[in-house]
Amino acid sequence: MSFVHSLQCKECGTQYPIEPRTICDNDFGPVEVAYDYEAMRGKVTRASIESGPRSLWRYRDLLPIEGEPRVGLRSGMTPLIKADNLAKELGVRELYVKDDSANYPTFSYKDRVVAVALTKALEFGFDTVGCASTGNLAHSVAAHAAAAGLRSFVMIPHDLEEGKVVGSLVFGPRMVKIKGNYDDVNRLCSQIADKYNWAIVNVNLRPFYTEGAKTHGFEIGEQLGWRLPRHTVVPVAGGTLLPKVYKAYQELITLGLVDDNEPRVYAAQAQGCNPVVDAIERGLNLFKPQKPHTIAKSIAIGNPADGYYVVNDVNQSGGYGASASDGEILDAVKLLARTEGIFTEPAGGTTLACAMKLIESGRIPRDETICVCITGNGLKTVEVMQDQFAQSPVIDAKLAEFDKIVQQIAEVPSGGSPRPPVTA
Amino acid sequence: MDKIKRKCWLTFESGRQNEPCLWKTATKFPDVSFDIRQASVQKDIGVMAVLFTGKPDRVEEALRYLVELGVKVDPVEGGSLVAG
Numbered sequence: 000m001s002f003v004h005s006l007q008c009k010e011c012g013t014q015y016p017i018e019p020r021t022i023c024d025n026d027f028g029p030v031e032v033a034y035d036y037e038a039m040r041g042k043v044t045r046a047s048i049e050s051g052p053r054s055l056w057r058y059r060d061l062l063p064i065e066g067e068p069r070v071g072l073r074s075g076m077t078p079l080i081k082a083d084n085l086a087k088e089l090g091v092r093e094l095y096v097k098d099d100s101a102n103y104p105t106f107s108y109k110d111r112v113v114a115v116a117l118t119k120a121l122e123f124g125f126d127t128v129g130c131a132s133t134g135n136l137a138h139s140v141a142a143h144a145a146a147a148g149l150r151s152f153v154m155i156p157h158d159l160e161e162g163k164v165v166g167s168l169v170f171g172p173r174m175v176k177i178k179g180n181y182d183d184v185n186r187l188c189s190q191i192a193d194k195y196n197w198a199i200v201n202v203n204l205r206p207f208y209t210e211g212a213k214t215h216g217f218e219i220g221e222q223l224g225w226r227l228p229r230h231t232v233v234p235v236a237g238g239t240l241l242p243k244v245y246k247a248y249q250e251l252i253t254l255g256l257v258d259d260n261e262p263r264v265y266a267a268q269a270q271g272c273n274p275v276v277d278a279i280e281r282g283l284n285l286f287k288p289q290k291p292h293t294i295a296k297s298i299a300i301g302n303p304a305d306g307y308y309v310v311n312d313v314n315q316s317g318g319y320g321a322s323a324s325d326g327e328i329l330d331a332v333k334l335l336a337r338t339e340g341i342f343t344e345p346a347g348g349t350t351l352a353c354a355m356k357l358i359e360s361g362r363i364p365r366d367e368t369i370c371v372c373i374t375g376n377g378l379k380t381v382e383v384m385q386d387q388f389a390q391s392p393v394i395d396a397k398l399a400e401f402d403k404i405v406q407q408i409a410e411v412p413s414g415g416s417p418r419p420p421v422t423a
Numbered sequence: 000m001d002k003i004k005r006k007c008w009l010t011f012e013s014g015r016q017n018e019p020c021l022w023k024t025a026t027k028f029p030d031v032s033f034d035i036r037q038a039s040v041q042k043d044i045g046v047m048a049v050l051f052t053g054k055p056d057r058v059e060e061a062l063r064y065l066v067e068l069g070v071k072v073d074p075v076e077g078g079s080l081v082a083g
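Protein sequences, first through last, are from chains W and D. To convert, note that position 348 of the first sequence is 347 in numbering that gives the first Met the number 0; the numbers rise steadily by one, no gaps. To convert, note that position 3 of the second sequence is 2 in numbering that gives the first Met the number 0; the numbers rise steadily by one, no gaps.
Hints were generated in silico from the structure; no laboratory data involved. Even for Gly, the Cβ is constructed at its ideal location relative to N, Cα and C. Please note that the accuracy of each hint is not assured.
To be verified - Once the Cα atoms are required to be at most 35 Å apart in a straight line, the calculated DSBU-like pairs of lysine-lysine come out as:
id, chain 1, residue 1, chain 2, residue 2
1, W, Lys42, W, Lys9
2, W, Lys287, W, Lys246
3, W, Lys287, D, Lys4
4, W, Lys290, W, Lys246
5, W, Lys246, D, Lys6
6, D, Lys2, W, Lys194
7, D, Lys54, W, Lys178
8, D, Lys42, D, Lys71
9, D, Lys4, W, Lys290
10, D, Lys27, W, Lys176
11, D, Lys27, D, Lys2
To be verified - Calculated Cβ distances over 10 Å to all of chain W for the following chain D residues:
id, residue
12, Asp1
13, Pro29
14, Val66
Unchecked claim - Now the stretches of chain D that chain W is said to cover, found in silico as 3 or more residues with beta-carbon under 8 Å:
id, region
15, 2-13
16, 41-49
All chains, please: the whole structure from these sequences, using the hints.
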């Protein structure tokens with residue numbers, strides 16, 4: 000049974016049937032999936048969710064599919080880590096890391112949105128799928144399409160990190176590199192979807208695709224023992240994730256699955272591409288598009304499709320925003336790795352660096368529950384970290400030479416030496 | 000020649016929101032209709048959703064003229080492409 004009610008314009012509320020539609024005919028506002036929450040009451044419960052599969056599809060009643068899930072059957076349910084080492088470093092009481100760098104099968108939160116989008120593409124009868132991508136989405140579309148037997152086209156900016164390129168090609172998609180930035184790629188994909196009638200997941204399937212991002216928020220609530228963090232810091236690229244995490248929190252509250260603790264959401268962006276945070280800091284609802292220039296390429300979107308709604312939701316929740324320099328991003332990547340054993344890509348470093356700034360500035364109180372959303376894996380972008388570490392010594396295979404290294408380490412502690420035990 | 004419709008987002012930045020760019024374009028292209036569906040103007044930026052209707056070449060000329068005036072023109076969905 001599906002609880003999907005209709006597609007509904009986020010601006011004027013006009014309703015449309017469930018179809019591959021992205022905008023309202025009246026005011027060109029984006030349409031969003033609307034549900035019959037009244038019908039869910041008593042049927043969608045903690046127990047019904049907990050008895051579901053150990054994947055994002057345990058929340059299928061809150062997702063826009065009609066039949067059985069067909070794609071991404073093992074995606075989602077990533078770890079929510081109580082990050083005590085990092086909390087101590089940051090001087091906060093209760094800190095969690097929602098770690099989508101461990102998402103399956105392509106190690107980013109995009110496996111959530113693509114699972115829903117491609118299931119919907121199959122329901123609509125599309126035989127070709129595609130995306131405009133900064134890398135992670137291309138990986139996910141290519142991998143999920145391969146498993147689902149769909150033809151895929153992935154369109155990316157021409158200057159993406161090599162790891163991001165190979166990580167898509169291995170799944171056998173048709174890849175096209177576009178001269179320009181992500182916004183140029185996205186603009187072209189809008190035309191491609193229109194001309195070829197393909198399912199471009201983040202263009203003409205966007206209302207369904209974005210709903211998959213809610214599962215990141217649902218999982219945080221469930222994994223915290225059916226309660227919400229008071230403060231959630233979310234990276235902002237195209238603006239999909241933050242409004243959907245907030246929507247997920249509101250849906251959990253509406254259905255009585257968690258108490259309403261007035262959760263606040265915070266936007267994190269790189270200083271080299273921070274149109275949304277800039278608008279938040281200046282007290283504006285509208286953001287000015289920017290030309291991105293940052294090492295955090297997976298979130299380098301200067302004209303985010305849902306940026307307006309990020310600003311809205313941040314303001315409505317009482318949250319705020321912060322942006323981090325490239326140096327701060329790299330330091331935060333290393334800090335997360337050093338304290339919690341999580342290697343995230345620069346986007347994750349951005350989120351942590353911004354969370355630290357929000358804590359330092361007092362925007363996020365140190366004694367309340369904080370969750371940092373990590374959305375991608377650092378093993379995909381090792382290039383940006385290569386200059387960050389001293390050269391490792393090369394020795395002959397002799398114990399005496401190894402002894403010398405140990406002696407040197409004992410004399411000059413380095414990042415590679417064993418950490419002393421943490422004392423309370 | 001049949002008329003076409005183009006749904007566009009117009010973004011006015013850097014003082015352009017204080018200039019009558021749309022009026023100038025409407026005056027120069029009286030055969031192209033401008034149907035404003037949504038608009039929001041703030042301190043230093045304005046955004047407007049407009050449905051342009053007219054003969055294909057005239058609509059494209061009008062959109063190009065807006066770009067020349069410093070307005071960023073983006074398609075609301077596929078079918079129109081004018082670099083801003």
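Non-conforming hints, listed in increasing numerical order: Those not satisfied come down to hint 10.
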